[in-house]
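S.K.: Here is how the chains run, residue by residue.
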Amino acid sequence: MNHRLAFHDVAPHGHRYARASDLGSFEFTYKAEITSIYRLTDAENLYRIRIVNNEDRRHFSFRPGQFVMLELPGVGEAPFSISSSPSNREDIELCIRTVGNLTGVLGHAVRGTRVGIRGPFGTSFPMERMHGGNILLIAGGLGLAPLRAPIAHVQEHRSMFDHVDIIYGSKELSKLLFTFQYEMWKKDDIGLHIVLEKGDPAWSGPVGMITKVLEEIIGFRDVSFIRQTHAIVCGPPVMFKFVCAMLSERGIPMHKMFVSLERRMHCGMGKCCRCNVGSTYTCLKGPVFDYWSVMNLKEAI
Amino acid sequence: MLFRVAEASQLKALFELLAQTNTMLGPVKVADDLGGNPVYSFEEVAEFSRLSLDYTTTRLSAKRFFLPFREDLAVFALQGKDWSKQMDYHMDRPAVLFGLHACDINALNRLDKVLMGSDHPVPYYAAKRKNIFIIGTGCTPRPSCFCRSMGTNTVTHGFDLFVTDIGGGRLFFEIFSSEAYHVIRDLATGEPTPEDHNAYMRVETERNRKITTTVDTTDLTKILDMEFQSPVWKTWGDKCLGCGSCASACPTCYCYGVEETVDPGLREAKKTRTLYSCNIVDFAEVAGGHNFRPERGTRLKYRYYHKHRGFVEAYEESLCVGCGRCGDICLAGITVPEVIASVRGGDPT
Chain A
0 MNHRLAFHDV APHGHRYARA SDLGSFEFTY KAEITSIYRL TDAENLYRIR
50 IVNNEDRRHF SFRPGQFVML ELPGVGEAPF SISSSPSNRE DIELCIRTVG
100 NLTGVLGHAV RGTRVGIRGP FGTSFPMERM HGGNILLIAG GLGLAPLRAP
150 IAHVQEHRSM FDHVDIIYGS KELSKLLFTF QYEMWKKDDI GLHIVLEKGD
200 PAWSGPVGMI TKVLEEIIGF RDVSFIRQTH AIVCGPPVMF KFVCAMLSER
250 GIPMHKMFVS LERRMHCGMG KCCRCNVGST YTCLKGPVFD YWSVMNLKEA
300 I
Chain B
0 MLFRVAEASQ LKALFELLAQ TNTMLGPVKV ADDLGGNPVY SFEEVAEFSR
50 LSLDYTTTRL SAKRFFLPFR EDLAVFALQG KDWSKQMDYH MDRPAVLFGL
100 HACDINALNR LDKVLMGSDH PVPYYAAKRK NIFIIGTGCT PRPSCFCRSM
150 GTNTVTHGFD LFVTDIGGGR LFFEIFSSEA YHVIRDLATG EPTPEDHNAY
200 MRVETERNRK ITTTVDTTDL TKILDMEFQS PVWKTWGDKC LGCGSCASAC
250 PTCYCYGVEE TVDPGLREAK KTRTLYSCNI VDFAEVAGGH NFRPERGTRL
300 KYRYYHKHRG FVEAYEESLC VGCGRCGDIC LAGITVPEVI ASVRGGDPT
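Quick mapping for you: the protein sequence lines, in order, are chains A and B. Start counting the first sequence at 0; every next residue gets the next number (numbering that gives the first Met the number 0). Start counting the second sequence at 0; every next residue gets the next number (numbering that gives the first Met the number 0).
Keep in mind that the hints were calculated from the coordinates and are not lab data. Honestly, I wouldn't trust all of these hints.
Unchecked claim - Residues from chain B shown here face chain A by an in silico Cβ test under 10 Å; the list is partial:
no.	residue
1	L72
2	V113
3	P120
4	N130
5	G189
6	K300
7	H305
8	F310
9	E312
Where a beta carbon is used, it is the ideal one built from N, C-alpha and C, also for glycine.
Whenever a hint applies, use it, and build me the whole structure from the sequences.
M.R.: Here you go:
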């Protein structure tokens with residue numbers, strides 16, 4: 000009597016990206032190449048990355064606020080928000096601060112280095128829902144990196160929005176990111192308000208807390224303006240706690256404020272649990288959350 | 000589900016039918032503990048006589064066959080600035096797991112929801128789950144079992160065949176899969192009679208009577224929400240050693256970390272998944288060193304939130320199956336029934 004049980008091949012079609020529900024897509028990696036490295040500050044570089052295979056590159060698209068897992072084989076893999084325009088289908092840009100093992104090695108990477116990209120993963124800023132209204136884009140420090148994608152959307156669809164303001168707080172003058180874009184943002188009729196924590200002889204703008212500048216910008220606005228306003232807030236937890244509390248007090252409902260949470264994901268696909276807040280997967284239900292959801296997450300901020 | 004009955008001798012015949020051509024796994028007595036009690040483990044077995052089908056529970060769960068502690072997700076061949084990536088799911092032949100209890104099968108069903116759902120199913124797990132033929136057996140409850148409270152003392156799916164000894168030298172077969180039916184056809188079995196049904200009920204009632212430890216899960220998700228700031232979490236955290244033993248013994252803990260390594264010749268790199276525990280200090284640490292859960296109490300609390308609140312919210316059932324292994328293995332003596340009772344308003348011990 001032969002009862003050799005049948006063997007089931009779970010991914011008979013190999014490893015492809017076809018659908019997130021395919022078993023074969025789990026470890027699928029786009030092979031990509033670093034095509035340029037632009038030094039933004041002493042600690043942050045902007046990496047331009049291009050998916051090598053033409054068909055793969057056409058397949059890859061993302062929404063503002065989503066992230067990718069960037070892998071350097073043998074070194075590691077970590078999540079990074081995409082910091083470029085979703086309409087650029089040629090390459091993506093990642094603004095990366097040198098803080099750990101992987102980012103340390105990336106700091107020494109050269110043009111032409113082949114990296115792996117998985118994703119895009121996570122939720123995005125619902126830009127279309129904000130059409131017709133005002134937007135406050137509020138960033139603290141490295142929080143400007145994930146905001147650069149929604150800012151690009153605003154620039155490309157400027158007529159769809161009424162008042163647009165960027166409020167950006169940074170520790171000091173030398174730490175300002177994307178300085179080469181400020182003039183362009185202003186030309187696109189985006190109000191740019193920069194505030195530094197620490198003054199500088201070369202700095203004539205405001206110094207102090209970001210909430211102070213925010214107060215000046217929205218303090219004189221009337222109820223109908225506030226009703227038409229969405230906010231996107233990105234930065235260290237302590238910052239968006241104060242900023243969102245202030246916006247909430249001014250009358251912006253919590254479901255019209257969006258924040259992006261930072262956690263150290265190991266998979267990006269709702270498995271490893273490393274990014275869980277309470278028991279919510281930041282990688283699946285986030286990283287972009289509306290503030291009402293964040294308030295309902297235990298220990299989010 | 001189809002039901003059949005057979006003489007007790009058919010159990011050995013069943014084992015031997017499958018053992019001819021398949022890898023067999025099952026509970027084996029591997030040692031005695033300091034108190035003289037037997038220690039059981041799931042191992043590969045060649046002989047039916049090596050199986051201890053009357054085992055109480057194994058120290059570690061059968062999770063390791065489906066979700067090994069450590070597994071390579073990918074191997075990279077490195078060449079200058081370039082590389083190529085190869086995946087292997089580490090399962091190349093079917094196996095039979097002979098003698099799994101209801102709680103442990105329910106644990107696999109819980110894992111299926113996360114690891115084989117529609118959102119990024121995990122092929123490494125699926126390859127094992129789909130190729131391990133599961134034969135369930137009725138259990139012998141021990142004092143720390145609280146499966147009845149978790150609704151996991153019986154199992155209705157997720158196995159191929161379930162065998163219950165209904166006394167009088169008779170076995171009751173619950174046949175779930177077509178493969179199992181195919182195997183059963185080669186055994187001497189018959190249709191169950193009303194008397195067999197009664198015998199089955201009597202055995203189950205008697206078994207349930209022996210499961211004496213209880214956990215009150217009424218409104219537990221809400222209570223956990225309300226008691227988020229409760230001082231009991233610190234009390235338990237002060238006892239907890241943060242060692243992660245509970246997660247390694249747990250049949251449903253699946254959290255992990257990923258690490259990459261490179262060989263000294265820089266020709267090959269590996270991406271390795273290692274099961275981790277949310278009780279370990281750096282579980283929620285991010286780049287730059289910020290730790291979202293630096294205290295043991297908040298980590299222990301998180302573990303309970305994931306199991307008894309978050310998972311319930313997502314899947315309508317708890318991620319705890321009441322097997323009691325975490326309490327048995329915990330060096331600090333922390334048990335689920337005691338923690339939940341204290342959160343509900345009892346005194347933490």
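S.K.: Hints numbered earlier in the text: which of these fail when held up against the supplied structure?
M.R.: Per hint list: single violation, 5.
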